[in-house]
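Chemist: Listed below, chain by chain, are the residues.
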Amino acid sequence: MGKLPALAILVLFPAVAYAQTPTCDKLEGEQKQLARELLSTQHPYDCCDGTIIECLQEKPVCALAYRLAENICLRVADKQDRDKITRGLSRRARSMMAGKKSKIDLEGLSSVGKGGAPVTLVEYACARCPFCAKITPKLHEAVIEGVLKGKVKMYFKVFPIRGHSHSKETGLGFMAAVEMGRFWEFLMHSYENFDRFCIKRQFNWAEAAGMDKETFKQLVADPGVRDRVVASKKEGIVNKVEATPTFFINGRKFFGDMNFEEMIDILEEEYDRVKGIEYRK
Amino acid sequence: MSAEAKKQTWFSGLGTALRDAVLITAACSVMGLLVNLFHPEKIPYIAEEEYETLVPCPEPGGEVTPLEATDPSIHAEDTFIVDARRKPEHQVWKLRDAMSIPYDYLEPIPDQTLKELIRRTQKTGARRVLVYGDGKDPDSGEQAGREISGKGIKNVFFVKGGAPALKGPEPGGGP
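So the sequences go chain by chain: G and B. Just so we're aligned: the first sequence equals residues 1 to 281 in the numbering used here. Just so we're aligned: the second sequence equals residues 282 to 456 in the numbering used here.
Some hints could be false.
[As the list claims (entries may be wrong)] Computed list of chain B residues with no C-beta within reach of chain G, every gap over 12 Å: (1) Ala284; (2) Gly313; (3) Ile324; (4) Cys338; (5) His371; (6) Ser421.
[Stated by the list, open to error] DSS-like cross-link-like pairs, simulated, lysine-lysine; straight-line CA separation at most 27 Å: (7) Lys404/B <-> Lys368/B; (8) Lys79/G <-> Lys323/B; (9) Lys417/B <-> Lys240/G; (10) Lys103/G <-> Lys441/B; (11) Lys153/G <-> Lys114/G; (12) Lys234/G <-> Lys441/B; (13) Lys234/G <-> Lys375/B; (14) Lys234/G <-> Lys448/B; (15) Lys404/B <-> Lys234/G; (16) Lys323/B <-> Lys101/G; (17) Lys417/B <-> Lys234/G; (18) Lys448/B <-> Lys368/B; (19) Lys100/G <-> Lys441/B; (20) Lys323/B <-> Lys26/G; (21) Lys253/G <-> Lys448/B; (22) Lys114/G <-> Lys134/G; (23) Lys234/G <-> Lys323/B; (24) Lys287/B <-> Lys234/G; (25) Lys404/B <-> Lys240/G; (26) Lys32/G <-> Lys323/B; (27) Lys417/B <-> Lys101/G; (28) Lys396/B <-> Lys103/G; (29) Lys213/G <-> Lys200/G.
[Unchecked claim] Per label pair, the in silico range of CB-to-CB distance: (30) Cys198/G <-> Glu388/B: 49 to 55 Å; (31) His43/G <-> Pro389/B: 44 to 50 Å; (32) Glu329/B <-> Gly150/G: 31 to 37 Å; (33) Lys287/B <-> Asp195/G: 46 to 52 Å; (34) Cys309/B <-> Asp212/G: 56 to 62 Å; (35) Leu106/G <-> Pro325/B: 43 to 49 Å; (36) Gly210/G <-> Leu315/B: 33 to 39 Å.
What the hints contain is simulated information worked out from the structure, not anything from laboratory work. Glycine is no exception: its CB is placed at the ideal position from the N, C-alpha and C atoms.
Input sequences plus hints: build the corresponding full structure.
Modeler: Laid out in structure tokens, this is it:
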């Protein structure tokens with residue numbers, strides 16, 4: 001009879017440990033089974049040596065284990081299969097643990113976010129990239145007034161994709177806006193009106209972003225501005241940028257899944273790491 | 282058969298074809314609805330949330346193989362050579378009868394230039410295209426090679442180290 005309570009504890013304990021993140025708690029049936037299997041086999045790449053579920057049982061709880069558990073359960077809830085989830089986790093680990101940092105020249109670029117923010121996010125993007133047009137304004141907002149406020153400062157590097165129509169002209173436009181000190185205003189306006197683009201509108205958009213139309217036109221045609229765009233593109237190629245958007249977090253290339261929620265999560269993870277926040281309060 | 286009768290037959294045939302098309306479309310639609318009705322994960326008739334597939338936009342390009350500047354195939358007769366450096370540099374020095382296609386980091390190689398490249402490789406019976414550039418990091422030769430390869434031209438190579446590697450050390454100690 002004495003063995004029964006011990007057996008019950010053994011059976012129930014993983015469930016207790018499992019029920020520690022909001023998304024994991026909501027899973028049911030096969031999804032719950034898959035999440036449990038992944039949590040019992042995957043390891044956090046920092047902070048704790050055991051499997052994620054083992055790490056969740058320790059006190060204090062490793063912040064990364066909790067973050068990864070929530071990430072796995074979100075992916076399971078999103079109906080991703082086992083392979084896709086493990087591939088995603090592996091790319092995330094590769095992004096966060098890479099030793100090599102890329103050299104990125106940020107001189108003369110305007111950033112958003114607090115100057116002293118410990119995480120630097122650099123985005124290489126094309127002015128005519130539809131994905132960039134969706135994700136960049138969201139990240140901009142998160143850095144200015146959302147969950148990343150005070151944690152992240154964000155820079156943008158022009159990387160015109162040759163396959164995009166008018167990528168050169170719009171890339172020159174972005175760089176001209178940098179020169180005129182109205183870069184983020186122009187970028188937000190251009191991306192908000194992405195589907196209404198035609199090359200002639202670029203000059204009106206410059207005006208709408210608070211720039212003098214004629215000066216903007218002159219800068220777009222300026223060989224010096226062109227050289228800066230070419231230099232930005234060359235630097236991207238050296239840093240192995242092969243598509244847009246490509247993000248660098250504190251100098252490390254990000255290989256993980258490129259969706260807004262994942263980006264936010266990984267930037268918060270980097271903030272915790274830089275600030276030495278290893279355990280959950 | 283008179284012209285009038287022919288016209289009548291033609292219209293009658295068109296009418297039958299149209300009727301059959303409508304019937305087939307209707308039958309397919311009904312079948313689709315029935316399959317969706319009994320499907321465990323029904324597709325909603327009206328999208329509940331915005332559907333969009335967003336993937337990063339890749340820089341177009343194809344496979345390109347690096348070659349050492351000392352590789353003997355560089356000097357083979359069936360190798361067609363492309364110089365990706367700027368025109369003034371090409372005019373000062375070039376390898377054999379290299380075709381000048383200056384690589385621009387912002388603009389694609391013009392279609393007309395690519396057509397000319399294809400025409401000349403076919404005319405010379407070349408089996409490979411070898412591109413050399415400025416040898417810098419990034420190397421314009423490698424980038425031009427990628428673009429040429431991405432446009433469907435096979436067997437594209439680039440010279441590691443570009444023109445400086447091909448020329449060898451210059452008198453006076455320069456590269």
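Chemist: Each hint needs a verdict: does it hold in this structure or not?
Modeler: Evaluation of the provided hints:
With a cut of 12 Å on Cβ distances, Ala284/B stays outside the contact zone with chain G, its closest approach being about 52 Å. Distance check for Gly313/B against chain G: the nearest CB is about 23 Å away, which clears 12 Å, and the non-interface claim stands. For Ile324/B, the non-interface assignment is confirmed: its Cβ lies about 14 Å from the closest Cβ of chain G, beyond the 12 Å cut-off. Non-interface status of Cys338/B relative to chain G is broken: a Cβ of that chain comes within 12 Å, the nearest being about 5 Å off.
With a cut of 12 Å on Cβ distances, His371/B stays outside the contact zone with chain G, its closest approach being about 19 Å. Distance check on Ser421/B: its Cβ comes as close as 10 Å (rounded) to a Cβ of chain G, failing to clear the 12 Å threshold; non-interface status is violated. Taking the CA atoms of Lys404/B and Lys368/B, the gap is near 24 Å; set against the 27 Å cutoff, the hint holds. With a C-alpha separation of about 15 Å, the suggested pairing of Lys79/G with Lys323/B holds against the 27 Å cut-off.
Taking the CA atoms of Lys417/B and Lys240/G, the gap is near 15 Å; set against the 27 Å cutoff, the hint holds. Pair hint Lys103/G plus Lys441/B holds up; C-alpha atoms about 22 Å apart against a cutoff of 27 Å. About 6 Å separates the Cα atoms of Lys153/G and Lys114/G, which keeps this hinted pair within 27 Å; it holds. Taken as a hint, the Lys234/G and Lys441/B pair is honoured in the structure, with Cα atoms around 17 Å apart against an allowance of 27 Å.
At roughly 24 Å between alpha-carbon atoms, Lys234/G and Lys375/B fall within 27 Å of each other, so this suggested pair holds. For the suggested pair Lys234/G and Lys448/B, the alpha carbons sit about 24 Å apart, so the restraint of at most 27 Å is met. Between Lys404/B and Lys234/G, the direct Cα distance comes to roughly 35 Å. Violation of the 27 Å bound is thereby established for this hinted pair. Between Lys323/B and Lys101/G, the direct Cα distance comes to roughly 47 Å. Violation of the 27 Å bound is thereby established for this hinted pair.
For the hint pairing Lys417/B with Lys234/G, the CA-to-CA distance comes to about 10 Å; that is within 27 Å, so the pair holds. A distance of roughly 17 Å separates the Cα atoms of Lys448/B and Lys368/B; the hinted pair therefore holds under the 27 Å criterion. The straight-line distance between the Cα atoms of Lys100/G and Lys441/B is roughly 24 Å, inside the 27 Å bound, and the hint therefore holds. With a CA separation close to 22 Å, the supplied pair Lys323/B and Lys26/G stays within the 27 Å bound.
Only pairs whose Cα atoms come within 27 Å are accepted, and Lys253/G paired with Lys448/B is rejected, the gap being roughly 36 Å. Of the supplied pair hints, the one linking Lys114/G and Lys134/G holds, its CA atoms being roughly 23 Å apart against a limit of 27 Å. Simply put, Lys234/G and Lys323/B have alpha-carbon atoms about 48 Å apart, too far for the 27 Å limit, and the pair is violated. Proximity of Lys287/B to Lys234/G is assessed by CA-CA distance (about 69 Å); at most 27 Å being required, the pair is judged violated.
Proposed proximity of Lys404/B and Lys240/G is contradicted: the alpha carbons are some 36 Å apart, above 27 Å. At most 27 Å may separate the alpha-carbon atoms for a hinted pair to count; Lys32/G and Lys323/B meet this at roughly 22 Å. The hinted pair formed by Lys417/B and Lys101/G meets the criterion: a straight-line CA distance of about 21 Å does not exceed 27 Å. For the proposed pair Lys396/B and Lys103/G, the alpha carbon gap of about 38 Å is over 27 Å, so the pair is violated.
The suggested pairing of Lys213/G with Lys200/G holds, with an alpha-carbon distance near 12 Å, which does not exceed 27 Å. Taking the beta carbon of each, Cys198/G and Glu388/B are about 19 Å apart, not inside 49 to 55 Å as hinted. Take His43/G and Pro389/B: their Cβ atoms lie about 46 Å apart, and the range 44 to 50 Å holds. Judged by the Cβ atoms, the range 31 to 37 Å given for Glu329/B and Gly150/G holds: they are separated by roughly 35 Å.
Between Lys287/B and Asp195/G the C-beta distance comes to about 51 Å, which sits within the given range of 46 to 52 Å. At roughly 59 Å, the beta-carbon separation of Cys309/B and Asp212/G lies within the given 56 to 62 Å, and the hint holds. Restraint check, Leu106/G to Pro325/B: a C-beta distance of roughly 46 Å satisfies the suggested window 43 to 49 Å. Take Gly210/G and Leu315/B: their Cβ atoms lie about 58 Å apart, and the range 33 to 39 Å is violated.
Of the hints listed earlier, those the structure fails to meet are numbers 4, 6, 15, 16, 21, 23, 24, 25, 28, 30 and 36, in rising order.
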